[in-house]
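Engineer: The chain contents come next:
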Amino acid sequence: MNTAALKKASSVSLSRADCEDFLINEARLLDEARFDEWLALFTPEAHYWVPSEPNQKSPLDTVSLMYDDRRLLETRVRRLSSPKIYSQEPRSRTSRIVTNVTIESAVNGVTKVRSKFVMVEYRREEQRLFAGTYLHDLVLIDDAIRIAFKKVDLVNADAPMDGLVVPF
Amino acid sequence: MQAYSVDDLSSAVQPARVHRRLYTDPAIFELEMERIFGVAWLYVGHESQVRNPGDYFLTQVGRKAMVVTRDDTGKLRVLHNQCAHRGAMVVASDCGHAKEFQCVYHGWTYHLDGRLKAVPLNHGYPSDFDTKNPRTSMTQVPRVESYRGFIFISQAKDGQSLTDYLGHMATSIDDMIDRAPDGEIEMAGGVFRHAYNANWKLYLENLCDAAHPWFTHRSSIDAAQQQSDDVYSDGTGEIAIRQMRQNGAPYSFWENQVGIWTYPNGHSYLGDYHDDKKLVASMEDPLFRDYIGILEAKKGKDEVKRILEVRRWNSNLYPNLSFMSQFQQLRVVHPISVNRTVVNTYCFRLKGAPEQMFRNTISFANIVNGTGSLVLTDDLEIYNRIGIGLHSDGAEWIEVGRGYHSDVRDEFGGLKGKNSTSEVYIRNMFEAWRGYMLGDKAGAAQAMKESA
Chain A
1 MNTAALKKAS
11 SVSLSRADCE
21 DFLINEARLL
31 DEARFDEWLA
41 LFTPEAHYWV
51 PSEPNQKSPL
61 DTVSLMYDDR
71 RLLETRVRRL
81 SSPKIYSQEP
91 RSRTSRIVTN
101 VTIESAVNGV
111 TKVRSKFVMV
121 EYRREEQRLF
131 AGTYLHDLVL
141 IDDAIRIAFK
151 KVDLVNADAP
161 MDGLVVPF
Chain B
1 MQAYSVDDLS
11 SAVQPARVHR
21 RLYTDPAIFE
31 LEMERIFGVA
41 WLYVGHESQV
51 RNPGDYFLTQ
61 VGRKAMVVTR
71 DDTGKLRVLH
81 NQCAHRGAMV
91 VASDCGHAKE
101 FQCVYHGWTY
111 HLDGRLKAVP
121 LNHGYPSDFD
131 TKNPRTSMTQ
141 VPRVESYRGF
151 IFISQAKDGQ
161 SLTDYLGHMA
171 TSIDDMIDRA
181 PDGEIEMAGG
191 VFRHAYNANW
201 KLYLENLCDA
211 AHPWFTHRSS
221 IDAAQQQSDD
231 VYSDGTGEIA
241 IRQMRQNGAP
251 YSFWENQVGI
261 WTYPNGHSYL
271 GDYHDDKKLV
281 ASMEDPLFRD
291 YIGILEAKKG
301 KDEVKRILEV
311 RRWNSNLYPN
321 LSFMSQFQQL
331 RVVHPISVNR
341 TVVNTYCFRL
351 KGAPEQMFRN
361 TISFANIVNG
371 TGSLVLTDDL
381 EIYNRIGIGL
391 HSDGAEWIEV
401 GRGYHSDVRD
411 EFGGLKGKNS
421 TSEVYIRNMF
431 EAWRGYMLGD
441 KAGAAQAMKE
451 SA
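Sequence lines, in order, name chains A and B.
The opening position of the first sequence corresponds to residue 1 in our numbering, with each subsequent residue numbered one higher.
The opening position of the second sequence corresponds to residue 1 in our numbering, with each subsequent residue numbered one higher.
One or more hints might be untrue.
Unchecked claim - Quick list of in silico lysine-lysine cross-link-like pairs, DSSO-like style, CA-CA up to 30 angstroms:
#1 B/Lys-351 - A/Lys-57
#2 B/Lys-117 - B/Lys-99
#3 B/Lys-299 - B/Lys-277
#4 A/Lys-84 - B/Lys-278
#5 B/Lys-99 - B/Lys-132
#6 B/Lys-278 - A/Lys-57
Since the hints were derived computationally from the structure, they do not count as laboratory data.
Make a model of the complete structure from these sequences and hints.
Structural biologist: Quick look at the structure:
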């Protein structure tokens, strides 16, 4: 995020209701497979992180289920729209619930928001259940809330799992 | 369940095809657990996971729960994780350090080598009860050996030595370790544990398959090729995108330039297919230049030249291990049932190399071997499709004949495909399969010669 955006962001604090509305909308974009719109929620320098173990300290020296900078996140989203993404043939259907939203801190225009989620994924006659904690760093850029960082802690991060294609 | 005779098993593997039942029949799976996973040398872990006496970690060998430990004398032991009293799993933490192992049911306590140490209330047992009797120990796996830190076990009391089992493929392990400036590697960086609904054999069958990336990984190839490099990146995704683009090398390249080599006991390796000047080994990458400088200071220019001229992609050690030295990746196959498999994927650190190389190893793992990666998820989809497709009662035989009759001899006693996309390495695994299933190694070796 550039300095001008930070300055602008630092003067405004986000309310819990603002954050909750934002998270509900984000979940809806994902459930409706509007991945390009989801990608547009992220700042250019954002990272998206799904650790592979509970309490994982760093994405740099331990493997992650997903750890994308902006360029890789774009590639991930572009692949999701490819007609040749065979691991999404048929497409997954998902339903997410986001709740227990709390604001952890608000410093220098960065609002750290913690929430709980449940996601049901249905594909090829199998239903999977994922649950865990979202941690979002939210900022305000040109009056719109954007994600500067998103971490998804799955309760079963270290379990044997079938492939994960749809982002959380 | 169907009972299989020697003839049934033998005829199920033909020169260029195998019977569908080998992937779908629970009775075949039970035999495989007994005759392959119960006999063969199997990779169980790396010595860096049990550095000091008392260090241990749990693993699955076939479906058996085992604990790998280093005893008080420093010797490696692999024990069935089962109390000699009532059969409970004794060790419950995935890894750790212990002075002794204690079953929490009735307090039977074992030395690190599995011998019974103490039993509370032992007056209550019969008069001939003897803590020295092996019957009261945690059962040891009869053969545990390591090759340059890679720990293998065999549950057969006698048989081929580990060195004979590895044969020429030991050079792939050497390749991994030779690349470490300090001459040592360590397992690090966590683990991926992924699962699919299909047979365990499919996993190794895919890892040396040069014909599939161009099709199976099309979505990630296209997405990476269309991706602008101008978008902000802190370098995290760099390796991922370069690797995906490499998967899009022309089909003629896959066919003619990669190379596939196979060796006795079902082993094989795929040659390297990278020409991206920054991705793997290139003087155009400043990090790699630094690394070579460090390596040369320790080993000398000539030795480093020799080391870096070994360019292998995946090496498969049948039946449960695949690894690659260029990015220090290693996968272990765990059969769960005839139609369910779990694969554990690990990374290694080259000791003495720049730490950024290890971070690149992690980034590479995330994208190529990760459960949520843009690449491996398509492979898992293919295994699942095979798991479904094979249960359809259409074709009785699975064709593995690509390149058959054109395979050529290799100076180290193996066979290589004339073209890189030859299925020679699958045929080679099935010759090993037949050898194990019939308990007749000589027969398998003979069949391999005939198919040359």
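Engineer: All the hints need checking, so say for each whether the structure fits it.
Structural biologist: Hints, verified against the model:
1. B/Lys-351 - A/Lys-57: Roughly 21 angstroms between the alpha carbons, so the hint for B/Lys-351 and A/Lys-57 holds.
2. B/Lys-117 - B/Lys-99: With a Cα-Cα distance of about 11 angstroms, the restraint between B/Lys-117 and B/Lys-99 holds, given a limit of 30 angstroms.
3. B/Lys-299 - B/Lys-277: holds, 24 angstroms
4. A/Lys-84 - B/Lys-278: holds, 27 angstroms
5. B/Lys-99 - B/Lys-132: With a Cα-Cα distance of about 19 angstroms, the restraint between B/Lys-99 and B/Lys-132 holds, given a limit of 30 angstroms.
6. B/Lys-278 - A/Lys-57: Holds: B/Lys-278 and A/Lys-57 sit about 28 angstroms apart, inside 30 angstroms.
The structure meets every hint from the earlier list without exception.
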